[in-house]
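The sequence shown begins at 1 in my numbering and counts up by one.
In short, the hints are calculated from the structure, not lab data. Fair warning: there could be bad hints in the mix.
Said to hold, decoys possible - Calculated pairs, EDC-like style, for lysine to aspartate or glutamate (alpha carbon to alpha carbon, straight line, at most 16 Å):
1. Lys142 x Glu4
2. Lys143 x Glu343
3. Lys202 x Asp103
4. Lys347 x Asp140
5. Lys5 x Asp224
6. Lys287 x Glu203
7. Lys223 x Asp140
8. Lys230 x Glu343
9. Lys287 x Asp140
10. Lys202 x Glu349
11. Lys347 x Glu4
12. Lys347 x Glu203
13. Lys5 x Glu175
14. Lys142 x Glu343
15. Lys253 x Glu381
16. Lys409 x Glu343
17. Lys405 x Glu349
18. Lys143 x Glu4
19. Lys77 x Glu203
Unchecked claim - Derived CB-CB ranges, DEER-like:
20. Lys167 x Val61: 29 to 39 Å
21. Tyr7 x Ser36: 21 to 31 Å
22. Ala178 x Phe373: 30 to 40 Å
23. Leu85 x Ser36: 20 to 30 Å
24. Leu47 x Ser364: 39 to 49 Å
Yeah, the Cβ is synthetic: ideal placement off N, Cα and C, and Gly gets one too.
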Amino acid sequence: MGQEKYYRHNFFAFVWHGIFLYVANAFTQITTVQTSLIFLLTGSSLLSGLLLSAHRLGSVVPQLFFVNWVQRSAVKKPFLIAAVLIRGTAMLVMAAVLFFSADPRSPLSLTIIFLILLTFFLAGGMGDISYFAVFSKTIDPKKRGRNFGYRYFLGGLLGLGAGYLTKQILSHQQEFPANYALLYLLAGAALYVAWAGFASLKELPGAVKEEKTSWLGHFRLLKDNPNFIKFIWVEILLSSTGIVLPLYVIYAKSQLNLPLSLVGVFVTAQIAGDIISGPFWGRLGDKRNYRLVLFLIGLLSATTPLLAILLPRVHPNLYILVFLMIGVTYKGLSLGISNYLLEIAPKSEVPSYVAVKNIMQLPSILYPLIGGFAVGYIPYEWVFAFVAVILFVGTGLAARLYCGKSKFKDRLSLWQIMD
Numbered sequence: 001m002g003q004e005k006y007y008r009h010n011f012f013a014f015v016w017h018g019i020f021l022y023v024a025n026a027f028t029q030i031t032t033v034q035t036s037l038i039f040l041l042t043g044s045s046l047l048s049g050l051l052l053s054a055h056r057l058g059s060v061v062p063q064l065f066f067v068n069w070v071q072r073s074a075v076k077k078p079f080l081i082a083a084v085l086i087r088g089t090a091m092l093v094m095a096a097v098l099f100f101s102a103d104p105r106s107p108l109s110l111t112i113i114f115l116i117l118l119t120f121f122l123a124g125g126m127g128d129i130s131y132f133a134v135f136s137k138t139i140d141p142k143k144r145g146r147n148f149g150y151r152y153f154l155g156g157l158l159g160l161g162a163g164y165l166t167k168q169i170l171s172h173q174q175e176f177p178a179n180y181a182l183l184y185l186l187a188g189a190a191l192y193v194a195w196a197g198f199a200s201l202k203e204l205p206g207a208v209k210e211e212k213t214s215w216l217g218h219f220r221l222l223k224d225n226p227n228f229i230k231f232i233w234v235e236i237l238l239s240s241t242g243i244v245l246p247l248y249v250i251y252a253k254s255q256l257n258l259p260l261s262l263v264g265v266f267v268t269a270q271i272a273g274d275i276i277s278g279p280f281w282g283r284l285g286d287k288r289n290y291r292l293v294l295f296l297i298g299l300l301s302a303t304t305p306l307l308a309i310l311l312p313r314v315h316p317n318l319y320i321l322v323f324l325m326i327g328v329t330y331k332g333l334s335l336g337i338s339n340y341l342l343e344i345a346p347k348s349e350v351p352s353y354v355a356v357k358n359i360m361q362l363p364s365i366l367y368p369l370i371g372g373f374a375v376g377y378i379p380y381e382w383v384f385a386f387v388a389v390i391l392f393v394g395t396g397l398a399a400r401l402y403c404g405k406s407k408f409k410d411r412l413s414l415w416q417i418m419d
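My request is simple: use the sequences and hints to build the entire structure.
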């Protein structure tokens, strides 16, 4: 039986971790909680913005340093355990600094805070490559998507409660920075609860890649596997939805004159789409394949900016459906990308595939800046239409990905969609 006898146990271990990771992220969202904390401490919007770049760079670039360690180890779980413990501890230390520092705005305190966050990001990079290595090895390939789906559904429900609690805690502005410290304390506690899931994982020794690969050597995958390059282009093109994601709310207020009170409704619609669609995408990918999932996600993503243009012309309140579509597609894209990668990557080389893919995606951090810059010179509708074209191109390329699980291996067939 080997590893297969632990599939059921490990399935629940990953779901457990995913649920409480979702909760931890709700308490310390990088785009809201952490950036606002840095702004309140420093008064610098530039440093707040740099935090987002540091998060992406710090999580991705170090993966090339970790990948050889992970691939040459017969058991990957210790790397995963270490990453979660480091991240959880970093959150608790952050809470302590904010609680007990006499002056959290002093140069010393700010230096410590940035070092803590950098440690958190670096541990995330190590955790990412070891996570997929362990996941590909310990979860039944026929149920990987459902695992993601259950995490999105159950984690999303708990995340709603955590998000509401975060709002209540931050509403007490007179208690700054103790209110932020409490959020980091809760996030650290949630990560330690999530750690229990990984601690219970059953992983048997597996295949290793004996030879050490240079940093640049990992990029030979791009030469040796043309389908991998095509897949990377699919993610780059489908991720271009990031150009318009920050613009939808601004467009609603500045161009459609919709009241700001609807923002809460927009957020609820997006979360609802996220929660409801997760199990659907996971089951569809497991039963059929993830090329089909990426194609359908791309099709819906390309339709979304067009709906943003057309729906308000029918009735302004229909604009809410745009955010429902964002919820349906945003996490679905992550689910499809992750699981398609596991379909095409040999188990012993999963860390290399993950690291190279993430490095090649780094330019996408500029997408929100591109959108913000573009609407300063051309109408929102033109930007939406342009991004829709990019997404349709990505959708067409997704249909041409290789799929070993389909009888139409080299391209998606209309009959496969209708079947």
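Now for the hints, and whether the structure bears them out:
Taking the CA atoms of Lys142 and Glu4, the gap is about 12 Å. The hint holds against a cut of 16 Å. Our distance criterion of 16 Å between C-alpha atoms is met by Lys143 and Glu343, whose separation comes to about 12 Å. A threshold of 16 Å between alpha carbons decides the hint, and for Lys202 with Asp103 the separation of about 45 Å lies outside it, so the pair is violated. Proximity of Lys347 to Asp140 is assessed by CA-CA distance (about 13 Å); at most 16 Å being required, the pair is judged to hold.
Distance check on the hinted pair: Lys5 and Asp224 sit about 34 Å apart at the alpha-carbon level, beyond 16 Å; violated. Proximity of Lys287 to Glu203 is assessed by CA-CA distance (about 25 Å); at most 16 Å being required, the pair is judged violated. The suggested pairing of Lys223 with Asp140 is violated, with an alpha-carbon distance near 30 Å, which exceeds 16 Å. For the proposed pair Lys230 and Glu343, the alpha carbon gap of about 14 Å is at most 16 Å, so the pair holds.
Between the alpha carbons of Lys287 and Asp140 the distance comes to roughly 13 Å, so the proposed pair stays at or under 16 Å and holds. Of the supplied pair hints, the one linking Lys202 and Glu349 is violated, its CA atoms being roughly 20 Å apart against a limit of 16 Å. Proposed proximity of Lys347 and Glu4 is supported: the alpha carbons are some 15 Å apart, at most 16 Å. Note on Lys347 and Glu203: the hinted pairing holds, with a Cα-Cα distance of about 14 Å set against a maximum of 16 Å.
This hinted pair does not check out: Lys5 and Glu175 have alpha carbons roughly 51 Å apart, beyond 16 Å. Distance check on the hinted pair: Lys142 and Glu343 sit about 11 Å apart at the alpha-carbon level, within 16 Å; holds. Only pairs whose Cα atoms come within 16 Å are accepted, and Lys253 paired with Glu381 is accepted, the gap being roughly 14 Å. For a cut-off of 16 Å, the pair hint linking Lys409 to Glu343 stands: about 13 Å separates their Cα positions.
In summary, the hint linking Lys405 to Glu349 is not supported, as the alpha carbons are separated by about 20 Å, beyond the 16 Å threshold. For the hint linking Lys143 to Glu4, the alpha-carbon distance of about 12 Å falls within 16 Å, and the restraint holds. As the CA atoms of Lys77 and Glu203 are separated by approximately 7 Å, the hinted pair is consistent with the 16 Å bound. Lys167 and Val61 have their C-beta atoms about 33 Å apart, which keeps the hinted 29 to 39 Å range intact.
The beta-carbon spacing between Tyr7 and Ser36, approximately 42 Å, falls outside the hinted interval of 21 to 31 Å. Judged by the Cβ atoms, the range 30 to 40 Å given for Ala178 and Phe373 holds: they are separated by roughly 38 Å. Between Leu85 and Ser36 the beta carbons are some 27 Å apart, a value that agrees with the proposed interval 20 to 30 Å. Our hint of 39 to 49 Å for Leu47 and Ser364 is violated, since their Cβ atoms are close to 22 Å apart.
Hint check: violations occur at hints 3, 5, 6, 7, 10, 13, 17, 21 and 24; the rest are consistent with the structure.
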